[in-house]
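Engineer: Please model the entire structure based on the sequences and the hints provided.
Those protein sequence lines, which keep their order, are chains A and B.
When we follow the working numbering, the leftmost residue of the first sequence carries the number 2, and every step to the right adds one.
When we follow the working numbering, the leftmost residue of the second sequence carries the number 696, and every step to the right adds one.
Everything labelled a hint here was simulated from the structure, so no lab data went into it.
Note that the Cβ used here is the ideal one computed from N, Cα and C, for glycine as well.
Misleading hints may appear alongside valid ones.
Said to hold, decoys possible - Derived lysine to any residue pairs resembling SDA-like cross-links, with alpha carbons at most 20 Å apart: (1) A:Lys-139 <-> B:His-924; (2) A:Lys-113 <-> B:Asn-746; (3) A:Lys-113 <-> B:Glu-931; (4) B:Lys-1028 <-> A:Val-58.
As the list claims (entries may be wrong) - Rough simulated footprint, nothing fancy, chain A against chain B, three-plus residues with beta-carbon under 8 Å: (5) 993-1007; (6) 1046-1052.
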Amino acid sequence: MNRLLKRTRQRLRRRMGVPRSASGAAIVVDGARKSSGHQTRNRIILVMIGVCVVYAVIAGRLVQYGFRDLATVASIARGSELLASRPDLLDRNGKVLATDIRTVSLYAQPHKITDPDEVIEALATVLPELDARTVYRKLRSQSQFQWLRRQLTPKQQSEILALGIPGVGFRPEKRRFYPGGPTASHIVGHVNIDNKGIAGMEKYVDGQGLADLAAAGLTIEQQLEPVRLSVDLRVQHIVRDELAAAMQRYQAIAAGAVVLNAKTGEVLAMSSLPDYDPNLPAQALEKDRLNRMSAGTYEMGSTFKAFTTAMALDSGLVTMEDSFDARRPIRIAGHTISDFHGKHRVLTVPEIFIYSSNIGTARMADVVGIERQRDFLTRIGLLTRMQTELPEVTKPSQPKVWKKINSITISFGHGVATTPLQTAMSAAAMLNGGLLIPPTFLPRSEAEAQTVARQVIRPETSAAMRYLMRLNVEKGSGRRAEVPGFRVGGKTGTAEKVVNGRYSSDVRFNAFLSAFPIENPQFVVLVIIDEPKPAEGQKSATAGLNAAPTVKAIIRRSAALLGVRPSFGEGDAALLVSY
Amino acid sequence: MVSRAERGPISDWFWTIDRYLLAIFVILIGTGFMLSFAASPGVAERLDIDNLHFVKRHALFIFPALAVMIGLSFLSPRQVRRGALLLLALSIAMMVFTQFYGFEAKGSRRWFAIAGFSVQPSEFLKPAFIVICAWLFSEHSRHPDIPGNLFAIILFGIVVALLVAQPDLGQTILVAIAWGTLFFMAGMPWFWIILLACAAIGLFVSAYFVFPHVAGRIDRFLTGEGDTHQVDTAREAIVRGDWLGQGPGEGTIKRILPDSHTDFIFSVAAEEFGIIFCLVLVLVFAYIVLRGLSHASREGDEFTRLAIAGLTMLIGLQSMIHIGVNLELLPAKGMTLPLISYGGSSMLAISITAGFLLALTRRNPEKRATGRQESYHDAPLGAGQV
Chain A
2 MNRLLKRTRQ RLRRRMGVPR SASGAAIVVD GARKSSGHQT RNRIILVMIG VCVVYAVIAG
62 RLVQYGFRDL ATVASIARGS ELLASRPDLL DRNGKVLATD IRTVSLYAQP HKITDPDEVI
122 EALATVLPEL DARTVYRKLR SQSQFQWLRR QLTPKQQSEI LALGIPGVGF RPEKRRFYPG
182 GPTASHIVGH VNIDNKGIAG MEKYVDGQGL ADLAAAGLTI EQQLEPVRLS VDLRVQHIVR
242 DELAAAMQRY QAIAAGAVVL NAKTGEVLAM SSLPDYDPNL PAQALEKDRL NRMSAGTYEM
302 GSTFKAFTTA MALDSGLVTM EDSFDARRPI RIAGHTISDF HGKHRVLTVP EIFIYSSNIG
362 TARMADVVGI ERQRDFLTRI GLLTRMQTEL PEVTKPSQPK VWKKINSITI SFGHGVATTP
422 LQTAMSAAAM LNGGLLIPPT FLPRSEAEAQ TVARQVIRPE TSAAMRYLMR LNVEKGSGRR
482 AEVPGFRVGG KTGTAEKVVN GRYSSDVRFN AFLSAFPIEN PQFVVLVIID EPKPAEGQKS
542 ATAGLNAAPT VKAIIRRSAA LLGVRPSFGE GDAALLVSY
Chain B
696 MVSRAERGPI SDWFWTIDRY LLAIFVILIG TGFMLSFAAS PGVAERLDID NLHFVKRHAL
756 FIFPALAVMI GLSFLSPRQV RRGALLLLAL SIAMMVFTQF YGFEAKGSRR WFAIAGFSVQ
816 PSEFLKPAFI VICAWLFSEH SRHPDIPGNL FAIILFGIVV ALLVAQPDLG QTILVAIAWG
876 TLFFMAGMPW FWIILLACAA IGLFVSAYFV FPHVAGRIDR FLTGEGDTHQ VDTAREAIVR
936 GDWLGQGPGE GTIKRILPDS HTDFIFSVAA EEFGIIFCLV LVLVFAYIVL RGLSHASREG
996 DEFTRLAIAG LTMLIGLQSM IHIGVNLELL PAKGMTLPLI SYGGSSMLAI SITAGFLLAL
1056 TRRNPEKRAT GRQESYHDAP LGAGQV
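Structural biologist: Structure follows, in structure tokens:
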């Protein structure tokens, strides 16, 4: 640079050195040129400064962009929220009922997609069930985020990745998986697409603070302590299996069963068919998929006679030796109360029970009186909403005003609609020595049960009830429920259903309420069968022909798993003298 | 290596050319080809043609571009002047022809088709126009009795009229600023500067009211309302690129960026190669302009000086407008990034500009020799000698 300047200077000097005399005009021109050259140089420097300023502004803007963050999209849930864990649900033996698995969900960023048709076409090769119209609408929207499909399988993800569609992406998510499928669906419940529990124990778990934690943003990705349920998956499977077989055999519209620990209130198994697969939660919304055992109420029919009998005995106004006139039907308020298996004679209390006499039971209730009947049923938990963990619990219904006719029909199980689970709970109280224990789906020891139990009848009454229940299986309508070695006791119920406002004689709701081993009942088993038809080779469809054999099948297959030891011989004799 | 001792056209050229500028031009052309892989497949996909269509065409144009640039750099200043005059006459004729026989695209008539290529004559006009104006200004300053300035103004009027007729506001503004800068450097009196500045502002304002699309763009730029899809997308691409970029082929915003291979190549570069890369790019352009202008300031000959400065500013201004639009510093205006953007006419025209610039910035030892220089300067110059 210096050398250049020097040279220029020399050149100028040389140029100046041209003799003046040589050419006056040349000097003028030369001077003008020199001054113009000087001016041009200054101007060029000004332009250079301007250029520097412009490029500096550009560089500054670039640096500013460099420090800028991409606009975040508020509608996208944070990763931690999507990966929030739910505790696993286990059965009482540690078998998994519900667990989290990691999946990915497909989303689109419509503002980055130029050709929605192309994207839809490509996606359809992997997800043919995708609704093209909905997706098109989503992709055409000016939004920055749209879910296209939640919870894809790894295979689907890799296929979509292989398509290389720009503007779509994946977010990891946790998905709830139920290995048992529908086996324990009504107990376990299910979650919605956002992994929030919306039914069954899943909802209960959320209600215990998990949902509050999630709302406060305190979700964690790591594994939570699993929640163990009282359910025994093996027994649950047996119950569901037998119900399904019964439903098919008797062409019933529905069936349900519960196995309840009589001493702790734990539900070992509960099933209501038709049920659903919690892995496909939409199924739960289909017709008739409700949990009939806790959310359905039914007029339980003759099984209710067990409660009426217990009430009569517990009141002290009736003893086992008393007899009641059942020769003629009772006519009251335009109705006629008659017996199905009419004996048309005076019956003792055990006879009333095993012949399931409506007349006799009505007369026993009459002895006790309306008010005390109502009080008693309230006390044993049949007229109030049952307290348990499941959210799907319906309040039983009863007449607004109890008249004589109501009292009579309620005594044999019409006029009050209760949930089957509730019925099993009250039955347990009738048989376990008189302790009413709210049913639970969580493990509970006998000691814990004592703290929540309430004595509702005298132990002597309970002993009498055990005798009557056993007698009914030995000699009455429950004969088909007998399992050798496990000494089943039980009461059938064949209720006529109301069709078009009238009780119908062909549309029935059958139940069999049982307990085993009867001398010291450990488990209460209740089976209901809704609208059974006569099985092949049978003329009738009474509870003794369908509900009782179903109970038998359940007990036969599950008793060993439930830890009940079979015994043959002395047990029965001991019981018969003990009441 | 060519020996210094050897004398011949090639060795003369090799030892006199500004090798830094030459290297930068070649590197920029190479960078443009590299960026073509990033920027053009998305555009090709939208047009439903072969993904590499524009990459192939870009490659096809690189060779003539390099040949033109290097070939023209052999010219002497006088040959540059003659070549520019020829090119100016040709391109003006083509622009007039385009007005009648050209095809319309995106609302303006800028191209005509010849042998399967679409040619945009206004691109070729720019370097020729600048060189000729430099000559006219220099003639005026050497011989004040020659109305060089007036001719330059008339020529400017003709060119602007042709550009506005297309209409091509971007080129008009570019040519106007380049011409103004040239006039300024040629020693335009401050009175005239203010007068012309006012005229420019007046024209700009009238353009705002005459052309609705201009008004729309300026409104959108000032208010940020309306359809700002393109600049918004460009901004998102740059911000997403961050300092180091997403990596080659990793850009996603570029795919939805309209004109990503031409008017918005800078944003694509930012998304894939990062803001630091873009800063280097800006530095390179700044270096070209400052080096060109410093050549000009050292240059003794008035014509060469102005022509160098004018051609340098042409490249510089075009890069400034392109980057300014990409960075939302200026209203949206289609402008290619010199030597980098795709576009046959644009690439060839820029090669002509660069070739002229290289030719004029060659060190000329003969010119420096006192006697010859004097004789060269004092040789009677007339309109006939070009």
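Engineer: Are there hints from earlier that the structure breaks, and if so, what are their numbers?
Structural biologist: Number 6 only.
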